[in-house]
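S.K.: Chains as they are written, first to last, in this note's numbering: chain A, 1 to 416; chain B, 1 to 416.
In silico DMTMM-like links for lysine to aspartate or glutamate, alpha-carbon gap of 25 angstroms or less: (1) B:LYS221 <-> B:ASP163; (2) A:LYS221 <-> A:GLU255; (3) A:LYS221 <-> B:GLU81; (4) B:LYS37 <-> A:GLU47.
Derived by calculation from the structure, the hints in this document are not laboratory data.
Protein chains: 2
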Amino acid sequence: MNVTVEIFSQGEEIITGQTVDTNSAWLSERLVRMGFKVTRHTAVGDELNDLTALLQEIAQRADCCLCTGGLGPTSDDLTAEAVAKAFALPLAFDPVAFAHIQAFFTRRDRPMPASNRKQAMLPQGALRIDNALGTAPGFALRYGRCWFAFMPGVPSEMRHLFDTTIQPYLQQHFTVQPSHLITLKTIGIGESALQELIEGIPIPDAVQLGFRAGIEDVQTKLLFPHAYPNSDKTRLVAQFSAQLGDFVFAIDGLEHASGDLVEVIAEMLAVTHQTVAVLESLSQGLIAAKCIGQSWLIQSLYQQSLARLAAQFGLPLNSADLMATALPLAQAVRQHSGADFALVQLAVVDAKQSSGQEQSTAIYTVLATEQGAYPQSLTVSGNLKRKQNQAALMALDLLRRFLQNKHAIPCQHYTD
Amino acid sequence: MNVTVEIFSQGEEIITGQTVDTNSAWLSERLVRMGFKVTRHTAVGDELNDLTALLQEIAQRADCCLCTGGLGPTSDDLTAEAVAKAFALPLAFDPVAFAHIQAFFTRRDRPMPASNRKQAMLPQGALRIDNALGTAPGFALRYGRCWFAFMPGVPSEMRHLFDTTIQPYLQQHFTVQPSHLITLKTIGIGESALQELIEGIPIPDAVQLGFRAGIEDVQTKLLFPHAYPNSDKTRLVAQFSAQLGDFVFAIDGLEHASGDLVEVIAEMLAVTHQTVAVLESLSQGLIAAKCIGQSWLIQSLYQQSLARLAAQFGLPLNSADLMATALPLAQAVRQHSGADFALVQLAVVDAKQSSGQEQSTAIYTVLATEQGAYPQSLTVSGNLKRKQNQAALMALDLLRRFLQNKHAIPCQHYTD
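Given these sequences and hints, build the entire structure.
M.R.: Laid out in structure tokens, this is it:
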């Protein structure tokens, strides 16, 4: 029994692209976790006819609709008027809403502009939702099969109204069954290659399989319906985990959320109190930048000139075989820094690459540990920013693989 | 004569809130500038019936529809199938599209997974749009009054297809009157403070004023209607520019697009062939990371322990007055590195800060030049990632101010 919800965003700034609508994603994530089925997001600008038509459409289609925006004091804030017109519910002055608006200005020691009186006009019979953070009250009403809630577009106010009023109301008035999402997070394998690895696994009809290739990882998502047997869940997840092997750096939703790659590394290093020093080339500071807030990263160096870099550590530069330089360099960085681990990455970045030429780049990464050095060579492609990001992730992933397995598994053929 | 366009985003990750849909805003901004009227954004998930219904709706309503997402190789990528069903255009194998997909894998030295063949199946009669950056070709077709273009959901690929194919097509096939957008880009001033600075400037009714506070800058946007007199444009922009002063690092739309802060710096350094070395603290590699592809950045160092850092350069650490350490350190980094400029940034990052405590952090930045050293002290607030980003931007902005004015203007009271 799916309870369907639509999200409706109103505002000229959204429809013209001046503002990215983050409210829809925020609300959807909350709703999905609660067990609702979000079926559509729609945004329209400040045109009364568009708004009215959309409200009438949604009233036919959905069980519930959460609307943001258009509750401000100015003439282009038309939501209440559109609701009045769409559902034949004339606007009526709400003295309590007006008192709240007046109090808002009194608290700030400012006179209330006359235009704000408009915000106290609510569609007849609507439930007023008080807004402690701004002047615009929200409101809610049922029309036909659909329950509508209207919130301000300012994200902080919208979130506040959702948390304090809308969410409790939804939980009380709708019978929904929260589903259970388990996410396998991988690094070092592209989306298509990943799909090939798992294509032999039979997936029950009730389970929804999804993928998300992001900047930080590739995620395989298994959405289990409410009351799906726990043993069946863990068996299916184990099958995926076995197929994906060492590409999996974390699984979310089984016991606890595990965070991103850096957080996974941090959790392991927190046990042993070990530290890391890095030497970056193509990643150019991004390994260090990703480790912000992590006390185990004690230093990071980027040196554009590899010759100068090698000389700094008293080593010869072997341009024909960068790995031959990276190996002793990693040991040297480990010694000089006093860190338990050194991650050293060398790459030749062609001058042409900065001008958008898209050819692949070879990267030579070495993890130096107390037990010896672990080399990893790989090629990355795409534009320079993508390569930079992949270079940073793959270096950190070499450390993750070592920490998880106590041996480093080279990922020779990684391509993004 | 408005030509109406709708934006349609497809994907379970959007509808469930896993991904914020930035494509719609990006496309809308481009379309509005070209003179189109964007009337609606809609997103639906991976359900064939929802997709089909939506395509049929839009075909009735709009002159043009730009769609993103759902072109991938997997079973949940349903856009082509939905188009086939909605408009009775059976899918047909496109050998050229297939050759492009094969070539994509050949360039990366990887076997093509069988699943990618699906991406070469296009609705009968559709115009193929080649995708140089990924495996998914786009396509376009007319149904009834509406011209539809389908693009991949990956933002870089979508933008590439829009710039190379869709935009030229739209310009050729639709008669629209482009408006003119001029954007003043600032760093070092928050959105409210900025609005206060300019509130005295009278803005003609025909001109649309907008703001956008992003990660890299705060933008003030002036949208002028088609055929607005040039002299009136430049006069209004000059008034804004005078009010915002040195906070403005670039103005887009007057002569040429100026790029982001790093590109503005790069343009100035390219003239003099000067180089930069940086020493990072709170920014932790992010200054270097932002300068990817810039040959003028010759080195970057991050050292967690300030005591160790000072000792490395043979300087005493003055913990009570970090500026007293930062000043000689900047000169030392400039000398050691051989760079024309050294940017040195010191900050004490409280251990509590990594655990989400949001208190402000003092940052001491020094720009060392041939003419002497320029200090800048400021405080940043927000979560740690925001502080890291602001620290990196404000250091680069100190260099920008020096290069633009030949003197550095301290920005003591910056708060984000």
